[in-house]
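There are 2 protein chains.
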Amino acid sequence: MPLPESLTCVSCSAAYREDPNQYSCPKCGELGTLRVSYDYDRIRASASRDSLAAAPFRDHWRYLPLLPLAAGPVEFPLAVGATPLYPVPGLRKALGLERLWIKDDTANPSASLKDRASAVVLLKGLELGRREFAAASTGNAGASLACLSAALGLPCHIFVPESAPRAKVAQLLIFGADVLSIRGSYSEAFSLCVEASEYFLWYNRNTGYNPYTVEGKKTVALEIAEQLGWEPPDTVVAAAGDGCILSGIWKGFVDLHRLGWISRLPRLVAAQAEGSQSIKQAFDGDGAIRPVTEDTLADSISVSLPRNGVMAVQDLKASGGSAVSVSDGEILEAMPLLGKRTGLFAEPAAAAAVAALVKLAGAGELSRAERIVVVSTGHGLKDVDAALQAVDPPAPLDCAIDAVRERIHHS
Amino acid sequence: MPLPESLTCVSCSAAYREDPNQYSCPKCGELGTLRVSYDYDRIRASASRDSLAAAPFRDHWRYLPLLPLAAGPVEFPLAVGATPLYPVPGLRKALGLERLWIKDDTANPSASLKDRASAVVLLKGLELGRREFAAASTGNAGASLACLSAALGLPCHIFVPESAPRAKVAQLLIFGADVLSIRGSYSEAFSLCVEASEYFLWYNRNTGYNPYTVEGKKTVALEIAEQLGWEPPDTVVAAAGDGCILSGIWKGFVDLHRLGWISRLPRLVAAQAEGSQSIKQAFDGDGAIRPVTEDTLADSISVSLPRNGVMAVQDLKASGGSAVSVSDGEILEAMPLLGKRTGLFAEPAAAAAVAALVKLAGAGELSRAERIVVVSTGHGLKDVDAALQAVDPPAPLDCAIDAVRERIHHS
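Residue numbers (our numbering), protein chains in the order written: chain R, 2 to 412; chain X, 2 to 412.
These are computed hints drawn from the structure, not numbers from a lab. Keep in mind that a hint or two might mislead.
As the list makes no split between identical chains, a pair holds if one copy fits it or if it spans any two.
Unchecked claim - When the alpha-carbon atoms are kept at most 20 Å apart in a straight line, the in silico EDC-like pairs for lysine to aspartate or glutamate are as follows:
| no. | residue 1 | residue 2 |
| --- | --- | --- |
| 1 | K94 | E76 |
| 2 | K169 | D393 |
| 3 | K169 | D386 |
| 4 | K169 | E334 |
The model shown is predicted, which means the values in this text are computed figures rather than measured ones.
So here's chain R without its partners, still in its complex pose:
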């Protein structure tokens, strides 16, 4: 038997019974608002920190006893998770932070953290008897589902608004996804994707809808804790659009805390773009998620109405954390700062987390010895146009050693 344990509504706490045909609260009717819980005694009986230490750190299936899936072993065709946690000495020095790490989740198969969610959702769907998959996304989630479905030889349907950038659609097509280019907004494509999934019995991976996306994403926190020797960081900084990654990180630490594998919980910092800060406004205000007008180059966190906003705000508050907004200019400064000081290349959304770190450090809101992890959620090669905006082109030089000499001696 798998471990579905219990699902409860994040808004009204009503209990939900697994119905892969529509993930919505049976009481208040809201879509995708379900929290997953486990029988932690049962997990303790089958896994421990010692049993993990004996297993090679190769992919995130090492945490299978903490995932909503049947017992393994899992043979997955691509290597998801087990990404590096880098101590980044150059960035530590630049920011005056002595215990800073970057969790480089760009090292996943489709170059973003989303693979953690897609992999778990694909296996969950197969367990529930589904053989086709669907998602609405123009970005990392769609690319991730298309990538991992292809590796598993399973068909997937990706709904994108007609206005989606051609380069992003090209990746979906390279992986052989069935791309449905919808005459409408992202929000309309999202709703149509849910409707079509019900009709065709496709298993739906939409962010902020399928509760197992949070369960997949939580493995990044499990890895951070294990990589730090089960001494969790004081602070984890991550970018937030829909807020699903934030809830995933929190869920991972909460699960470990309930198991008694870590003795305390970190505080979370949500980094949002100034042009997409619905979660920050809700967090700083009355907690209610209200739509905003999107205006940021950080496309992966550019969201009008965060689909996972309610849960994310609850999690931020539970962690004693905060929300920080950064301008596009600050994001564009953070990209080369990260590149120069670490050799890591982050897309604008991921760089927003670095920008938030810089802002907090500059405001004296971080202590020198604080243990901080910043999660890099997507690769800079996904958006080279943004990188072009972040740097100045070099002046041309004559092809002569004298020209080089003069240039070097004057720089």
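Since the structure of chain R is provided, determine the placement of chain X on it from the hints.
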């Protein structure tokens, strides 16, 4: 003491004495034509297949006793090597090849195999007392050196022709490289870079010039052999531009064979673009490397005069291998074939190796049970424009379930 062992000219076999100021044959004067040899008894005394089995498969420094570097341990800031070797069941089925693997070297820090060479060259340069580095490159080698230098906090100077695409230059700048944009061709930038390196005592990483690039690249072969349980493949297919990766793969297997860790050597297949097939022409003809007019979209293997051509042709012949040329059209077909069947996204140069595989399989030149490894050398996200050429955009669809139904029922 490090292991320089011996360097000999690939053309005239003259012995060379380590002089990091200019890697050229002391007798025939040719640049970058040096083969590195080791004292294999000494390696056997410090390493074995069993000692490797006891070490975690985490990066390519596990092969330090086979590298031209001082004894470790190495603490390198980014995780180079230890990339996955995927069995790719979907592609096996599509091509009727039962024992096919893809070595996914796009999983390196800068998303190409070149990181193996850059990492070894950087450490070698430090051992030789150098503190600044240089390379001429508009592509993967430059991005790789810029990435890893940044991680190590070392300055590097990258020479690019003024005509280099802005997006490629942007990556170099994100990593904080000193980019010298030269009014001249790539070949002129290459020569100027060698001259400037001599003058400023920069350690030069140019492909086909620094002999330790081949030593770094060979670790991909060491990993393939170890991942296959020291039973080497029958055939290894890799794309060739300058031919340096080809020589690196061959050197890795030759070293293992001399150590007695593998009992036979694979044959190599060089995949070249029709519009850049100098190595194929030399291999099929009299062995002499002659310049060609470059005309291919596969920029990472678009080369007029291969800098490592002589060595590559020798190695191909020694392996009993062959050279295969593929058209840009065949490369553009291989990209979505690989994507759909494996979930891997390769840049055109890497897809050229898949295209060569398809061509050989179609011509009946591969046996069903042959053990084949194809090396994927660079990530598809490095050249999304090429991906756009490889797929057709989807037709737009009305935002209504009826439109989706009709579309699905008719596809």
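- Hints the structure fails to honour: none
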